[in-house]
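Sequence order for the protein chains is A and B. Start counting the first sequence at 1; every next residue gets the next number (the numbering used here). Start counting the second sequence at 1; every next residue gets the next number (the numbering used here).
FYI, nobody ran anything at the bench for these hints, they're computed from the structure. All clues stand as given, with none of them false.
Here are the in silico distance ranges between beta carbons for each label pair:
1) B:K80 with A:A103: 47 to 55 Å
2) B:A191 with A:A185: 52 to 60 Å
3) A:V198 with B:P83: 44 to 52 Å
Which residues of chain B face chain A? A few of them, derived with a C-beta cut under 10 Å, are:
4) L96
5) S138
6) V160
7) T168
8) A200
Using 30 Å as the maximum straight-line C-alpha spacing, the simulated DSSO-like pairs for lysine-lysine come out as follows:
9) B:K42 with A:K207
10) A:K59 with B:K202
11) A:K207 with B:K109
12) A:K98 with B:K119
13) A:K216 with B:K193
14) B:K58 with A:K207
15) B:K195 with A:K216
16) B:K51 with A:K207
17) B:K195 with A:K207
18) B:K139 with A:K74
19) A:K207 with B:K139
20) B:K59 with A:K207
21) A:K59 with B:K195
22) B:K109 with A:K216
From a predicted model like this one, the values you see are computed outputs, not experimental measurements. Every residue, glycine too, gets a C-beta built ideally from N, C-alpha and C.
What follows is each chain in one-letter form.
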Amino acid sequence: MTRPFRSLFSGIARRALPLVGACLLTTAAQANDNPHDPYEGFNRAMFTVHEGLDKVIVKPVAQVYDAAVPLPAKAGVGNFFDNILDVRNALNSLLQGKPGDAASDVGRLLVNSTIGIFGLFDVASELGLERHEEDFGQTMAVWGYRDSAYLFWPLIGPRTVRDTGGWLVDINTDPTRGTTRKSVAVRNSLLAVRLVDVRASLLPADKVVEEAALDKYAYVRDAYLQRRRNQIYDGRPPRLDD
Amino acid sequence: MKKLFALFLALFVSATVVAEEAPDVLVQRVTEEVLDIVRKDKDIQNGHTQKVMELVDKKVLPNFNFTRMTALALGKEWRKASPQQQQQLTAEFRTLLVRTYSNALTSYKNQKIIYKPFKMAPADVDVLVRTEVQQPGSKPVQLDYSLEKVDGSWKVYDVVVAGISLVTNYRDQFNQEVRNGGIDGLIAAIAAKNKSLESAAKAEKK
Numbered sequence: 001m002t003r004p005f006r007s008l009f010s011g012i013a014r015r016a017l018p019l020v021g022a023c024l025l026t027t028a029a030q031a032n033d034n035p036h037d038p039y040e041g042f043n044r045a046m047f048t049v050h051e052g053l054d055k056v057i058v059k060p061v062a063q064v065y066d067a068a069v070p071l072p073a074k075a076g077v078g079n080f081f082d083n084i085l086d087v088r089n090a091l092n093s094l095l096q097g098k099p100g101d102a103a104s105d106v107g108r109l110l111v112n113s114t115i116g117i118f119g120l121f122d123v124a125s126e127l128g129l130e131r132h133e134e135d136f137g138q139t140m141a142v143w144g145y146r147d148s149a150y151l152f153w154p155l156i157g158p159r160t161v162r163d164t165g166g167w168l169v170d171i172n173t174d175p176t177r178g179t180t181r182k183s184v185a186v187r188n189s190l191l192a193v194r195l196v197d198v199r200a201s202l203l204p205a206d207k208v209v210e211e212a213a214l215d216k217y218a219y220v221r222d223a224y225l226q227r228r229r230n231q232i233y234d235g236r237p238p239r240l241d242d
Numbered sequence: 001m002k003k004l005f006a007l008f009l010a011l012f013v014s015a016t017v018v019a020e021e022a023p024d025v026l027v028q029r030v031t032e033e034v035l036d037i038v039r040k041d042k043d044i045q046n047g048h049t050q051k052v053m054e055l056v057d058k059k060v061l062p063n064f065n066f067t068r069m070t071a072l073a074l075g076k077e078w079r080k081a082s083p084q085q086q087q088q089l090t091a092e093f094r095t096l097l098v099r100t101y102s103n104a105l106t107s108y109k110n111q112k113i114i115y116k117p118f119k120m121a122p123a124d125v126d127v128l129v130r131t132e133v134q135q136p137g138s139k140p141v142q143l144d145y146s147l148e149k150v151d152g153s154w155k156v157y158d159v160v161v162a163g164i165s166l167v168t169n170y171r172d173q174f175n176q177e178v179r180n181g182g183i184d185g186l187i188a189a190i191a192a193k194n195k196s197l198e199s200a201a202k203a204e205k206k
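If we strip away everything but chain A, and leave its shape as in the complex, we get:
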């Protein structure tokens, strides 16, 4: 990717995405002292909706799934979705100028889709091919769109304006999209299983967050923003001043 294109893209993204966000949120925007969270009023409302849905539907289903499905099957489900995500990881490694990582991601995909039986087993990790968690939100950050306002969506969870845009790109470039476009039922079941699987993997963290946080909304927000920063810098973020 050439530099002019890169800066053009990040320029467009930087202007257009917040605009989309702002249109959505003009009614909800609220004066606030956290520079990362200008839409705190809207976000807190969405967080309450999310927590309500989670308590009534998502968490109980995830708990049943967690208790009923044996560990090898759960691992298989997780691996299956992770394997598909390696397409996204490879693409974004490449876009971030890391061809070595991209090649390794393609290697993972080939190994796991064949020897790993459609991704049910993560053979590649056993072989020492490390997984790289890369998505389009991170790619935009690497291209220069660093700071972005925090947004919270019910069911989807914490994002930023940038990461919401990135997430939309990610789901629209998902390789299963071609096959699932023909069948709404297949697509929806896949989406539901994925949601439940992800939620179930987060169950052990529930109690810690619940107990540790003075303000759960702020705890989750700041944890998300720290985690993203860590991902953008591939696990080695520069130190922030005290």
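Let chain A serve as the given structure and place chain B on it in line with the hints.
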């Protein structure tokens, strides 16, 4: 006189030996010691909070610098607190961290800790020790410790899980409380949280 001198020398030597434990060695030793006990103790595996907290108190806490942790959590506001407020704040924050994260130990099952290669210059006084938690059926989780050298021995002042600092993640919440009710308001807020956790734990036992 000679004997006394020998005793002094012995004390001095043993003190330097303790002080010279490298930070990565310290992290590995304490982690393995604690996990070894957890692996053998059925009470802890069944969620016996009191027993876990005793274990953490004895093995883990001596290696932590809670004053530095509290200062880091609070940021700039720390310097505005009086020495007495700093002391109270540290005590309450310590209680909160110990209670919440001791509970995480009770869910310890079959995890394996990988210690990443560690390098430091002899003059370093502030280092990062990197580890990774591997568990069957889940993705590995990055678990890093920041340590600083205080009076010749290494103390942990931050724990970073998957890139999330358990200490600085409190910065905004703490500053919000300080804006609302000053340093004393923050102390009261953490104390109230500790009280409610304690009574919830008691109710759970009954």
